[in-house]
Amino acid sequence: MEEEEEREVVRVRVRKCEGILQPESRSFAVDPQITSLDVLQHILTRAFDLSGKNFGISYLGRDKQGHEIYLSLMSDWDLGTAFASASKPYLQLKLDIKPSEDSPLLEDWDIISPKDVIGTDLFFVDKRTLSAALPFTQSILSQVGRTISRMQQALSWTYGEDVKPFKPPLSDVEFHTFLNHEGQLSRPEELRLRIYHGGVEPSLRKVVWRYLLNVYPDGLTGQERMDYMKAKTREYYQLKSEWRERCSQEDLEFIQGNVMKDVLRTDRTHPYFSGSEDNPHLQALHDLLTTYAVTHPQVSYCQGMSDIASPILAVMDNEAHAFICFCGIMKRLEGNFRMDGECMSVKFAHLKLLLRYSDPEFNTYLMSRGADDLFFCYRWLLLELKREFAFEDALRMLEVMWSSLPPDPPEKEVELLGPPCAPGECLKNTRRRHMMRPDRGLSPEGEEAVSTNHVETEQEQSEMILEKTEPDGEQESTPVRCPMLKQASFGEFKCYAANDGRSSFDSEDLPLIPVLQVRQSTEEEDEERFWEQEPLIKPPDSLGVSKSMSNPSLTSCTPTSQSPTSLATTDPSEPTSAAKDEGESQLEAEQTAASSPAPISLPPPQEFGRGNPFMLFLCLSILLEHREQIMKQNMGYDELAMHFNRLVRRHNLNRVLHRAKALFADYLQSRVWDSEEGDEAAAESPATS
Amino acid sequence: MPPLVNSTSLELNTTSFKQRKRLDSRIHEVNRVKIRYPCKIPVIVERSHREKVLPSLQKVKFLVPPEITMGQFVSMIRCRLSLPPSHSLCVMINERQMACLSMTMLEAYTGQRDQDGFLYVSYRSHEVFG
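Line by line, the protein sequences are chains A and B.
The opening position of the first sequence corresponds to residue 1 in the numbering used here, with each subsequent residue numbered one higher.
The opening position of the second sequence corresponds to residue 1 in the numbering used here, with each subsequent residue numbered one higher.
Hints in this document: simulated from the structure, not taken from any laboratory.
From a predicted model like this one, the values you see are computed outputs, not experimental measurements.
Think of the CB as a built atom: it goes at the ideal place given N, C-alpha and C, for glycine as much as any other residue.
A few of these clues could be false.
Claimed, not checked - Stretches of chain B that chain A covers, calculated by requiring three or more beta carbons in the stretch to come under 8 Å of a beta carbon on chain A:
(1) 30-41
(2) 58-67
Said to hold, decoys possible - Short, incomplete list of chain A residues facing chain B, as computed with Cβ under 8 Å:
(3) P168
(4) D172
(5) L417
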């Protein structure tokens, strides 16, 4: 550990000798882990303004007799030796500027190193061409302002200008151009813009993701960043050692049990997490999630968090660093996992709005199938689409999506410790959460029911009553009665296949019971509630009824709650007819209830999708990718859900990204949110009501 | 002799590398670059003279690691040209032989190199199957 820490930074002093000119000196620090000879040359070129000049590098080492001697530095291997043997207390380098007579020789050569070929899957990049293309990029970027809205303008504008679909991923060398000589990130917005257009090279993710996840406060120098990470790492291990002080034994075991269940089935096909259950990375994931749950009692642990944390851990390959980044991202995402589900319902409302706005025809189709609640998108919104793509694709998608958000660096430092629970609430909260995901956001009664139900929940909590007859009590008891359903994560069919042996979800004529179970697993607790109660058509609480009568957007309640019934009673081979009838009646209701045919407008980007508008456009692109197929095959509600569940980890990233970027650009350019209707649309959502 | 370093795409369109440089200067160039990069293969990549759709490359002279395959090299060319995946690209060696994509660059070089020491590769849109 000690040794590793020392090697995180190497101080470098450089002397430049050029003919008879006075030697110049510079000193800086580099991270030996990520500094290759290419990078070093690049740094030196910038430090001494040597562009176009030819120079040789040598370092002060010792020969066999122990005399100090300058050894030439020709390869990455030499550099490794130099770091290992001659970097204490600092690495002394000498630059010899060569006469520039033969430098033009190489300028018109495109030199390809094996590293350019391997490692990148789609876009093979030569660093030389990249740095040559850089001035162009920068000239575009230089026109970009500093404010959020102007950055978003640029996102759309450069996209329109740029004929190429994507740029190559951000490389090491290019990344260094975003840092100034002290290692401070000088142009955070532009860095994000660059990543938005091409992603990051896999080897560089470790470094760049920390910026994207808003781990570093503004303006840290290279050395300060390392000290910062070290301090934070110490803080993490301190927190980790305090589990027991922060949490009762009972609660801790409860959290750990839930965490472990999910950790054991999160991305296990990926090499990083594969193998037997004593893979140390699984333990690391478990520990960091448990630490998070213990230190953030208001959020605690919730199913799905493991999916957020696993790519970060796999990239950081360091438990503490991953935890710090996880805290960074959870600052934005914790709302997704909160009990009230308010955040999720806003996202649902916005996604519906967006679909209605951009593809009314498809929206009408979904309405006619009773699927306009878009419940099958639940996992997309909760995990920000992480599970919809193969692991490597998901990494790229995540970094592109994160870079579409404006930088939000912490003022002083990332908080690793969440606010404490109100006294007495802690235990109940953890208990009551159980394995449940935030539920209200997707209740068939619609978003408006959220607030009322939430009040009920709180009342119940204060009274400490867990009555099974009440609607909320019903929910609490569900996991007890059918734990298998509760623990099945949304859309993860393998659980079912393992539990009941009916794994024929891919076949066309599904047996009846699996169909129903699929619905339950995807539709969450409220759906299950219908199964517990006899009168299937009647919404469980009268509040929901009155609400749904009064508000046009709630009409989806009836068909969704009925469709399981009709399915259960009709032949599975013709499930659409029943759904169709209801869809029509529902459509009529929708039409009569619709107050005005006024054009829809979208909320402004800082509110859209709860501050992550691009994710909504990714969702929309996925929907549109499958639009034709869905409409052609005339898929009903269940088929839709199953269709998308089959596509887990299989979506085509390039196509989706491409489309999403185009749609996003259109949205930003159209500035629909500038109008007053935009504000109204935003006000419709329950968050503001 | 015109400056070759910053030759514009226009110039490249009209004349090929071989036409622009005499044999002895080409040999000299190969020798010089081989001293500097003994482990790389000098390759000239040019647009086929009949090609009208595809753009020209910014740099025609490549130094390629010998162990990569022709397929990897072709995808690198695609990347340089920023071709969308839907666009076909056909790569020929010496303007007449289809490149075998599983061959390594070293194999291609030993078998097909020109007398000046370069390997000549040209590319164009796929006309046959398109």
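Going through the hints against the structure:
no., hint, result
1, 30-41, "holds (count 5)"
2, 58-67, "holds (count 9)"
3, P168, "holds (7 Å)"
4, D172, "violated (18 Å)"
5, L417, "violated (46 Å)"
Figure legend: structure checked against the earlier numbered hints; hints not met, in rising order: 4 and 5.
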